[in-house]
Every structure is written in structure tokens, then in C-alpha cells.
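There are 2 protein chains.
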Amino acid sequence: MPVKILQGAENAHAYPLLIKQIFASAGRFEPDNQIIYRGEQSFSYSEFTRRVQQLANALKAAGVEAGDTVAVMDWDSHRYLECYFAVPMLGAILHHVNIRLSPEQVAYTMNHAEDKLVLVHDDFLPLADQLAAQLPTVQGYIRLSDGGTPPATPNMSVLGEYESLLAEQSSECDFPDFDENSVATTFYTTGTTGNPKGVYFSHRQLVLHTINMVGMLGSYEGLPLLRSNSVYMPITPMFHVHAWGVPYAAVMLNCTQIYPGRYEPNLLVDLIKQYKVDFSHCVPTILQMLLGCEKGHTTRLDGWKILIGGSALPKGLAKAAMDKGADIYSAYGMSETCPLLTVTHLNKEQRALPAEEQLKYRTLTGVASNLVDLRIEEPSGKPAAHNGSDVGEVTVQTPWLTQGYHKEPAKQEELWEGGRLHTGDVASVHPDGFVEIKDRIKDVIKTGGEWLSSIELEDLISQHPDVAAVAVVGMPDEKWGERPHAMVVASNNELSAGDIQQHLQQFVESGHISKWAVPEHITLVDEIPKTSVGKINKKVIRATLAG
Amino acid sequence: MPVKILQGAENAHAYPLLIKQIFASAGRFEPDNQIIYRGEQSFSYSEFTRRVQQLANALKAAGVEAGDTVAVMDWDSHRYLECYFAVPMLGAILHHVNIRLSPEQVAYTMNHAEDKLVLVHDDFLPLADQLAAQLPTVQGYIRLSDGGTPPATPNMSVLGEYESLLAEQSSECDFPDFDENSVATTFYTTGTTGNPKGVYFSHRQLVLHTINMVGMLGSYEGLPLLRSNSVYMPITPMFHVHAWGVPYAAVMLNCTQIYPGRYEPNLLVDLIKQYKVDFSHCVPTILQMLLGCEKGHTTRLDGWKILIGGSALPKGLAKAAMDKGADIYSAYGMSETCPLLTVTHLNKEQRALPAEEQLKYRTLTGVASNLVDLRIEEPSGKPAAHNGSDVGEVTVQTPWLTQGYHKEPAKQEELWEGGRLHTGDVASVHPDGFVEIKDRIKDVIKTGGEWLSSIELEDLISQHPDVAAVAVVGMPDEKWGERPHAMVVASNNELSAGDIQQHLQQFVESGHISKWAVPEHITLVDEIPKTSVGKINKKVIRATLAG
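From first to last, the protein sequence lines stand for chains A and B.
With the working numbering, letter number 484 in the first sequence gets 709, and the count goes up by one each step, no holes.
With the working numbering, letter number 37 in the second sequence gets 262, and the count goes up by one each step, no holes.
Keep in mind that the hints were calculated from the coordinates and are not lab data.
Treat the numbers as computed from the prediction; the structure is a model and nothing was measured.
Check each hint, because a few of them may be wrong.
The list treats identical chains as interchangeable, and a pair is accepted whether it falls inside one copy or across any two copies.
In silico DSS-like cross-links for lysine-lysine, where the CA-CA straight-line distance does not exceed 27 angstroms [unchecked claim]:
1. Lys-520 x Lys-285
2. Lys-498 x Lys-704
3. Lys-671 x Lys-740
4. Lys-636 x Lys-229
5. Lys-498 x Lys-764
6. Lys-573 x Lys-498
7. Lys-520 x Lys-607
8. Lys-632 x Lys-229
9. Lys-636 x Lys-755
10. Lys-764 x Lys-671
11. Lys-229 x Lys-285
12. Lys-549 x Lys-740
13. Lys-632 x Lys-671
14. Lys-636 x Lys-544
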């Protein structure tokens, strides 16, 4: 298009969007607010800004240059937060190592990302030492310690301990301008087949994700999650999609922040009470763990707003948290999307509903965020209607989507087919904009020529009071193509498959599901197989059920 | 720097930042909220989105193409807001015509911008008709009418009336993607010498300004001005620096919005009361006019937050507004800066102060916004210390600064000297980040080898209870170089020059100003000369005093 672009002054500064600009807001508004680690250490924003600069100088001293990749293996910590800034502000790339992968997969990702320096918590030193010989690109390691004597690491070249290395450095570092499209972060998404795939995000993408999140979670009355006076504690691993990007937003807001280290359910509940945490985010599994632990049973959670994502939030679990006083919101996104795509927003009418009726909106996937263009598409690529009943694959355009899979040319073209990112999720969109994820395309059960959502069935089964957890998968069936099989963890030993089938009859009678949606096969188990990030592992379930 | 930039999928969508993405949020959250014109017309966000698309189709039918310039001459209206979106979303450029300039200057700007189509309110038809023959680039006019018979326009080619043209069009329009650096808006800044200078802003700049403002004014407890449930009414002309960019943010937030048309003080007060307006912004002159009108005298303004900018806010005026119940904040920016640079943010300690003590912070210019890199520079370009006492010229880098003056190569290089935008304002910056504008560089009074701030003197004089308005300028003096001269409007006929000098003695005695800062020359007048945008016109004052 013949739009007009004017040539400005020769010296005009075009202002590339860089993470250092988020950092420039740290302490600008509330310099005395604190960043706290496990209740054991506490740093003001003023200290934080000095430490990030010390870390940057320490990284430079360790040989890190622009374009290098620096890996971190840590629990959620103030140190990890410091790395979120120092590494990319040097023009280097922060590799968030998923420490829940198998050792072979961890090594695969570190070689694939070509990590040069690795910061590793004492808890992961044995793993790192075991892998060291297989990682030719790694030139050195920095120890992250919570105290105590570290295990022996005969195979690793350890440059020093984090705090000692910081202490040697000046707390002033000039961070240069560079291209806003430079890669800032990378991490790996684990499908159920094939090798982990590397996604990556640029400075521009992270700045846009952050400033949008600062507005989205604070300025809308229907979504009052994170403001400058919030006390924020992530319960999503920082290696998992930037802890949903919230740490960057929290720094920009100068919030009080609590980093819980390794997740110990009773400690998490204690931290929430002690610091009056009012905002967290996690996957349903973690919420369940938190409510189910000893302190979870005896502690009220009034004033705690919890944003749930990663997989569908069962109504039963949502209800249990609300009964404890927690305020429930849902969000939707994935590793490829930085991640924010949709989030619960209750409009004026919805906010006026009784809590019980709000539950429906709070457990749907929310509405598209600002700057997110979301639609559902039929297999042909034709947009499906946003009428609440038509279903299609969710495709998106936003400013913060991975532009590809690193060194995976075929897979990245599939991801971006037709110029929109394909999420692999099947959903309907309601006329008021609420997105209702029905299933993963690959988990949809194709039975008798119809699509049956495994997630919808899981939700209905979970509403039985004696069901603690449930997974539904499609299994091959000669007559129908596939049939649903349910795997159930009972909270009451007397629960039987028949009870569940009977429970489902009410939804058949109300017309909510068809008669043929009720599974013939229901297996009671002690535990549902999970992936490294706590999601139901349907691949393993199918293999188990196939026996 | 050898940063890493990865090549993504061939079809990956890079998501240029375009105004259509702000528009996509209109009605996404609160579709039933209203956009109201003078209390006479009201449109839901759903209607607004349809009308903008009708307008875009009408503009296309009128021959508007990408790269063309479309001018608007209107008061603050829903129609102007519709133009804020429809024109740039077509790839065309919206020229905000400053209708307060002299006819010759208006013609100059319209020729300089090469306006092709002009939307003009009935009130400005006589002016437009008078100028028509001098505007060779203009191919047609669209009438904006509040009803009634328009004056005759023998020289203009009027294509039709706005509402009739919209009614003919479909309410669906596909807005294309294009380069985010395309010019979206242009308008003219009026110095006191030379021709008006054209500044311009791209889609990228306006999107960044908007999403930053949505977070800045809503998510910080020290600055709770604009959230989705706000009722917003601008009292800054929409032709003046995008009405400070707030209309774009208000649309993104789906706020209730009141557009007051031509400013009539009693109507403004009525609208504030009728619609429970809780956020407005204006220059001090307008605030004074509003407080001083008949209804202003008799009406409480509790719950009304007012953001003041454009020129320094005298403490006396701030106090008068606060006594009425209004909540006062200050901001700083200029035509070249889109405009947001700084805004009042009260941190936890400052919020705990009594109202009287908060006044100091509320009348300073505030702290730098997120994404704004602000510093003060000595004449050599060396940064001055942010210690509250050193002064220097304010220079900035942000993502939303005009990259030049259109067709003014020399002036734009001066503006961007050294890669930072030079504001021409002299300030000190306090250790807590508060910026205290001392003066325009050209208005600083150089007396006896010292710099004396004309604004500071104005502020002190305004604190005399019988002073209604004041201006101070430097006048040539044989002995001292320059000496301050004050021009004063008294609210009490008995006020004399001696009273003011005596009033200033207290500040000499407290050490706040030097003895030599007290003006020998104080002239009592009926009115202070103002520029077209309501600022004190020091050029005219100097000419008058030189007599």
C-alpha cells in the first residue's frame, strides 16, 4: 500500500523496544517495595537494580557476549528474576532449561540451544555434572546456592558461586541499544512425540507482552489481578513460558514479589498467609496440591486471586478454591505464544451475578486480550462463526508469537500455515467473546462420525463428589472408530465405574451430552500420568490402556 | 552488536503495530458502555464500531486512499473520535487542524500538509469557505452538523453531510495490514516565531503510546486516573496533541466517554455532574474558567480527577480546585512528544501525607512514565545530576516522539541534536524522580549573570489572595542584562504593585528567592495575552511592555 513514511531527522532516535526499558521502571515508583525469596531473603527494588547490573558485569567477566546463550537451571527465585533482565540486556539469550525433562532431553535442549554458560542451583548439580561431558558448547558453570556444602562436581568447570561473583562487580553497567528483533529468550516445548522444539522470543515481543499485561491485568475492573500495590507470588515455574510473563510486568509495576523456590505445598500456603499474597498463577494440578496439603486444609485463602491456565480448570476444583475464599480467573496460552492469549474478564452484568453463576465464566478460557486477534477455523481454514456452538481450531495473530521452531523448518511452516499461528486447540467462541476450549485437536475423540471433547467429559466426571482426578482419551474401536475411555482417581474407595456412568446420565437427560458420550470403559487408578510440566499425559494413558 | 536474529517461518506474521488493533478492543469488554456527545447524542461501543466502519467506507467513496491526508475542523466530538480511527486505519493521515490559529496560519498548515479532504463543522464553514480558494490540494469537504441550516459556502465543494454519508455505507470494512511506521496523524506546533511546524506520528508510535497509557493511568495506585469503569471527558481540544492521547486509551478500555463539543464552562460543569465524570484533563486556563463560571461557583466537584498540563499549575489554582473536592494531578509533554512524558505518581509515603502537603507533589510535573528516558542536560550536553537543585534542559527518548518537523530539515536536526529530543524546557529532577520544570529556556530571565525562572516568580505572585492571573517576562536592562517584569490581573481593585512586592518579601526572608528576584516593574492589567491554545503569550507581553 502506498502509505506515507517520512524521513525524520538524521539523529532521531527510533527507540527500539528492549528489555532494558522494563528494567528502567524497576524502583521508579516504589523503590522500597521488596522482592522476597522463600521468606529467607529480601531485596528492595533499589538493591535489585544494583544486583542486576552486578550480575551483568559478572556475566561479561565470565566471557558472555551478545549473541551467546546463557542457560539457567533453578527453581523460582530472585536470582532467576535477575537473569530475566541481565542476560538479554547484554544482547545474550536466556535459555530457560526445563529441569523436569528427562536427562537425555535436558542434554538435547542444551546442545540444540548451544548454551555457553550455565547457572545451576545446587539441587541440579548432580544432573548437570552427569550431563557435562555431553555438552561441548558449555564453557563454564555458575553455582546458585541456598547455603550448605554442594555435592562434588568432578566433570564441571565451576567458575564460582553466584553471590561471590556478584560481590566482586560494580553495580553500574551501561546496557547498549540494539535491534529490537534480537532473540532474548528461548525454551523448549515438549510435545508427546519427537524431540522438544525450541521456541524463541525477541526483545520487542517481550516488551509488548509486558506493557500490554500491565494494562490488561490492572486497568480493567473485570480483571483486577495485578496492580502496583499487589503482592505477587508465581507458582508457575520460571522456566515455563516466562512464568507467563508476569514477573516482567510485576517489575514494571514495582509490586512486592515473593519467589517460593522449590514448590513445597505447605510452604506455599505459609508464604501466602505471611506476606498477604493477593495474586498468583498456576496450573490446576498445583492448585489441587495446594488445597490438598495439610496447611491447605486448615487455611482460608480470602483475598487471594489465582489465575489458572495450562489446562482446563475443572468446575469442582474451582468451587473448592472459591469455598476457601480464593478468587478464580482463567487464562489461555501456550509455549509458542509467550503466552498471553485470553483471560477471564467479567463485564458489568457478569460481575453482578451470584458467585455460583460467575463460576461458568471464571472457568471458561476468557476473552482475547488486547492486541490478540483470535479466531476459530474450520479444517479448510475458513473462519467459523463466534456463536457459541460452532467449533474450530483456534488460530491467532499477536505481537508476541514465536516466529518459528529453531532449526525445524518443516514444523514451523505447519505452525504458521496461512499466516496465522495454529494452536492445535479446538474451541467455540461465544457471542460475548468468551473462548471455550473443547480439546486438543489430537485429543478430540472421533466416534461414530462425531467429535467428542475429552475435556468436556473430564469436566463432567470431575463434578462427581468422589472423583479426585480424571482423564479421558479416545481409544480405537472397530465399530465406532474411537470410543472414550476414562481413567479416574477416587477420593472415596467405594466409588465404582457404574457410579460415574450413573452420574453422567443427568447430563444426558438434560441434553448436555449425547447418550453415546458416556464411556463404557472407566478404569480406577491411584494416579493419572502427568507430563514434566504437570499436564495430563494422554500419550502415556493411551499406551497404558492399550496395555 | 552481534546479537542473534532468527529467521522464522516463511508465513510467520510479524504483527505490525496498527491503530486497527486499538479499534479491535472497542466493545470487546463492555460493549454497552456509551460514547456521549454534549448530552444530546449517545452511542454504544457496538454502534461506535459500526459507525467507524461506515465512515471508512464513506471516505473511500469520497476518493480517500492510503497516503492521502484528511483534515478535520471540529470541536471535541464523537465524530472526531470516529475520525481518529477511520482515517489512519485506511492508511491515510489525519490532520488535526488547529482552528484557533489565524486564518492565514490555518491555510498555511492545510497547504503544508497537502490536505485532500476536509471534514468541517458548521461553526467553521465561514472560515473554510473564506480559505477554499487558497487550498489547491483540497478536493472536497464533508459537513459536520449539529442541526440547523448551514451558512452559504459558495467557494466550497461540499460532498455531503457526515450522517447522511455514513447512512449510505455498509458497516463492515476490512482494514489492511501495512507498515507500522506509516504516518497516522499530523498537526502543527505554533512557536512564537516563524511558521507553524508540522509534527507527525506513526501507527507504531500511537499504539505504543496507547497501551502504555492504559497501564500507566490504571495499574498504579499512585496514579489511579483511568480504568475501564471511568467516566471520561476531555477538556483538551482533540486537535491538540491527540487530546493527550487519552481518547485512544479510553476506547481500548471501553470507558464511558463524554465529548463536550465547543467548550462552554457552564455546560462542562453540568456534564460533569450529570454523567458523574471522574476523569478529565485540561490546561490551567480551562480549569480556572471552569471554576470561575456561574455553575462552577455553586457546584462541588468531589470524585472528579483532573490532570493538568500544558503549562505549570499555580498552587493557588490547585488549592481552589481541591477545595471544591477535585483531585489534582499534573502531567508534562508537548506537541513533539505525542505527548506523555511525565505524570504525577504519589508513592506510598506521599499518599499518606495530609492533602496540604501532597499539593507540592501534585503541582510538580510528576515522574517519567514507563518507557520514557528523561534526563536534564547542561548546555554542553553533559547530563546534570538528579539532585533537585542542578538545572538543565530536559531531553528525552521514548517510542512516541515526532521523528522530525515535516519539510523543515534544519529545525528537525536542532530538535534531535545528539540523538535525544530537546524539549526546550529547563528543569531540575528530584532524587525521588519528580521533575520540576523551571522555565522555557527562552523565558528564563538572565539577570546579573544568574538564571531566574519566570515560572517560579509567577507561582509566588499567584499565591497572593488578590491575584487572579500573572505573567512574568525578562525585559532588557542596561545594567543587569535583563530584569523581571510582572503583568498581573487583580481580583480586587485595591491591589497595588507595592502589595505584591511586599508579598514577595516573605520568600526573600525565607531564602526561597534572592532579593534581586523581586520585580521593580509590576503592571496591573485586565487580561493576560494568550496564545491560540490558551498559554501565556510571552512574545506579545514583551512587545506590549516594550510599548
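Results for each hint:
Taking the closest pair of Cα atoms, Lys-520 and Lys-285 never come within 27 angstroms of each other, the shortest separation being 44 angstroms inside a single copy and 65 angstroms across copies. Taking the closest pair of Cα atoms, Lys-498 and Lys-704 never come within 27 angstroms of each other, the shortest separation being 55 angstroms inside a single copy and 70 angstroms across copies. With identical chains, the CA atoms of Lys-671 and Lys-740 are at most 27 angstroms apart within one copy only, with a shortest distance of 15 angstroms there and 90 angstroms across copies. Proximity of Lys-636 to Lys-229 under the C-alpha cut-off of 27 angstroms is restricted to the inter-copy arrangement: shortest distance 21 angstroms between copies versus 37 angstroms within a copy.
For the homomeric pair Lys-498 and Lys-764, neither the shortest alpha-carbon distance inside one copy (38 angstroms) nor that between copies (62 angstroms) is at most 27 angstroms. Within a single copy, Lys-573 and Lys-498 get their C-alpha atoms only as close as 30 angstroms, which misses the 27 angstroms cut-off; across copies the closest is 22 angstroms, which meets it. In this assembly of identical chains, Lys-520 and Lys-607 lie within 27 angstroms of each other by CA distance neither inside one copy nor across copies; the values are 50 angstroms within and 58 angstroms between. In the homo-oligomer, the alpha carbons of Lys-632 and Lys-229 lie at most 27 angstroms apart only across protomers (14 angstroms), although the nearest pairing inside one protomer, at 37 angstroms, exceeds that limit.
Proximity of Lys-636 to Lys-755 under the C-alpha cut-off of 27 angstroms is restricted to the intra-copy arrangement: shortest distance 25 angstroms within a copy versus 64 angstroms between copies. Only within a single protomer do Lys-764 and Lys-671 lie at most 27 angstroms apart by alpha-carbon distance; the minimum there is 16 angstroms, versus 79 angstroms between protomers. Taking CA atoms no more than 27 angstroms apart as the test, Lys-229 paired with Lys-285 passes between copies only; the shortest distance there is 17 angstroms, against 43 angstroms inside one copy. In this assembly of identical chains, Lys-549 and Lys-740 lie within 27 angstroms of each other by CA distance neither inside one copy nor across copies; the values are 35 angstroms within and 67 angstroms between.
In this homomeric assembly, Lys-632 and Lys-671 never come within 27 angstroms of each other (Cα to Cα): the closest approach is 33 angstroms inside a single copy and 64 angstroms across copies. Proximity of Lys-636 to Lys-544 under the C-alpha cut-off of 27 angstroms is found in neither arrangement, the shortest distances being 39 angstroms within a copy and 64 angstroms between copies.
When held up to the earlier numbered hints, the structure conflicts with 1, 2, 5, 7, 12, 13, 14 and fits the remainder.
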